[in-house]
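Build out the structure end to end from the sequences listed, making use of the hints.
The residues making up each chain are set out below.
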Amino acid sequence: MAKVLVVTSGKGGVGKTTSTAALGAALAQMGEKVAVIDFDVGLRNLDLVMGAERRVVFDLINVVQGVAKLSQALIRDKRLENLWLLPASQTRDKDALTDEGVGRVIADLRANFDWILCDSPAGIERGATLAMRYADEAIIVTNPEVSSVRDSDRIIGMLDSKTVKAERGERVEKHVLITRYDSARAARGEMLAIDDILEILATPLLGIIPESQDVLRASNVGSPVTLNNAASAPARAYMDAVRRLMGETVSMMVPVERKGLMNRLLRRRAA
Amino acid sequence: MMNLLRLIGGRTASAPVARERLQILLAHERGLRGQPELLGLLRAEILAVVSRHVVLDPEKVVVRMERGKHVSTLEVDIEVPNGFERSLAAAS
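Order-wise, the sequence lines are chains Y and P.
Residue numbers are given in our numbering: position 13 of the first sequence equals residue 13, and the series is strictly consecutive.
To get our numbering, take the position in the second sequence, counting from 1, and add 1000.
Hints in this document: simulated from the structure, not taken from any laboratory.
Take the hints with a grain of salt, since some may be wrong.
Said to hold, decoys possible - The calculated lysine to aspartate or glutamate pairs, modelled on DMTMM-like cross-linking and capped at a C-alpha distance of 20 Å, are:
#1 Lys3(Y) / Glu248(Y)
#2 Lys1060(P) / Glu1075(P)
#3 Lys162(Y) / Glu1029(P)
#4 Lys162(Y) / Glu1037(P)
#5 Lys3(Y) / Glu81(Y)
#6 Lys1060(P) / Glu1045(P)
As the list claims (entries may be wrong) - Residues from chain P shown here face chain Y by an in silico Cβ test under 8 Å; the list is partial:
#7 Ser1014
#8 Ala1015
#9 Leu1025
This structure is a prediction, so every number in the text was calculated from the model and none was measured.
No residue lacks a Cβ here, since even glycine has one placed at the ideal position from N, Cα and C.
This is how it looks when you write it as structure tokens:
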């Protein structure tokens, strides 16, 4: 049974695209067949973060409008043979997406993949509502910061009312993924604590991704962090999150950076 | 513990303030969610029912909802002109 997951947040810049790439790659690394879809029409970036920007020929809008077949638009990852990307259009705008068209694409993907990850654009407009429309589950990416938490709450409200599942009286299963977490700052009371965020949002936790240089380094080179440096703290956190998505019970902890001097020097040179 | 950290850090922990502000704000915003439609609907239906018996100025019908922590109140304020009775006797 295919699962459709939306990666959403309301607020921009919290790590939706980075997380979609990392979670998609992590699922594929565990042997699952995965399609990631970029819904950010006009401002596509998932292709860039995944290192496929020069291989885009057709996009989601071409498929929705029947200009291209789904199989023509899907780009297979060069490193992971189970991972596919459906890019967004860079030239069109979000009004070119229709509810029925997106529904058709998702239904086609369901027949061929284990997981379909929809990378939502920021905001609460058409692109964001269509990204969540057909979702079975939702990952709400949240930074430990007041504006992000507020927007996450708003998005949770939309997941409970504007999705196909919600309209049928069913529930979209929701998970909070906290990104850019700095445990030292949280311990000093300078940053919202995990428990505070979870209590406020009343939604279970999928994972805690620590603030890390490795995330930027991975996107610089166009490789999901779980592939680029599987031993890094954020990669391990994304891997744990994926195991939880797959139904495993994994104890929740904040992976920390290993900061040996040699390690740092070597990594700097490697990057 | 917090005081101790405050002494060491020389700064006030701001996270508790963030938490409290969010809790208050979100309680309010969740209350507002979907409310405009509900109040509009209530207002229209109340107006229709009362208008069957009384001549009303639609502008003078106010429907308001106050969300409290435990209970909410629905306030319906209808201003009725003196000598309002639409003569039911005449109609019947």
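Evaluated hints:
1. Among the hinted pairs, Lys3(Y) with Glu248(Y) is consistent with the structure: their alpha-carbon atoms are about 16 Å apart, no more than 20 Å.
2. Restraint check for Lys1060(P) and Glu1075(P): the C-alpha separation of about 13 Å stays at or below 20 Å, so the hint holds.
3. Distance restraint check for Lys162(Y) and Glu1029(P): the Cα-Cα separation of roughly 17 Å lies within the 20 Å cut-off, and the hinted pair is therefore satisfied.
4. As the CA atoms of Lys162(Y) and Glu1037(P) are separated by approximately 15 Å, the hinted pair is consistent with the 20 Å bound.
5. With a C-alpha separation of about 19 Å, the suggested pairing of Lys3(Y) with Glu81(Y) holds against the 20 Å cut-off.
6. A hinted pair counts as satisfied when its Cα atoms are at most 20 Å apart, and Lys1060(P) with Glu1045(P) qualifies at roughly 14 Å.
7. Taken as an interface hint, Ser1014(P) checks out: its beta carbon lies about 6 Å from the nearest beta carbon of chain Y, inside 8 Å.
8. Interface restraint check for Ala1015(P): the shortest CB-CB distance to chain Y comes to about 5 Å, inside 8 Å, so the restraint holds.
9. Among the interface hints, the one on Leu1025(P) holds; its C-beta lies about 7 Å from the nearest C-beta in chain Y, closer than the 8 Å criterion.
Going through the hint list in order, the structure satisfies each hint without exception.
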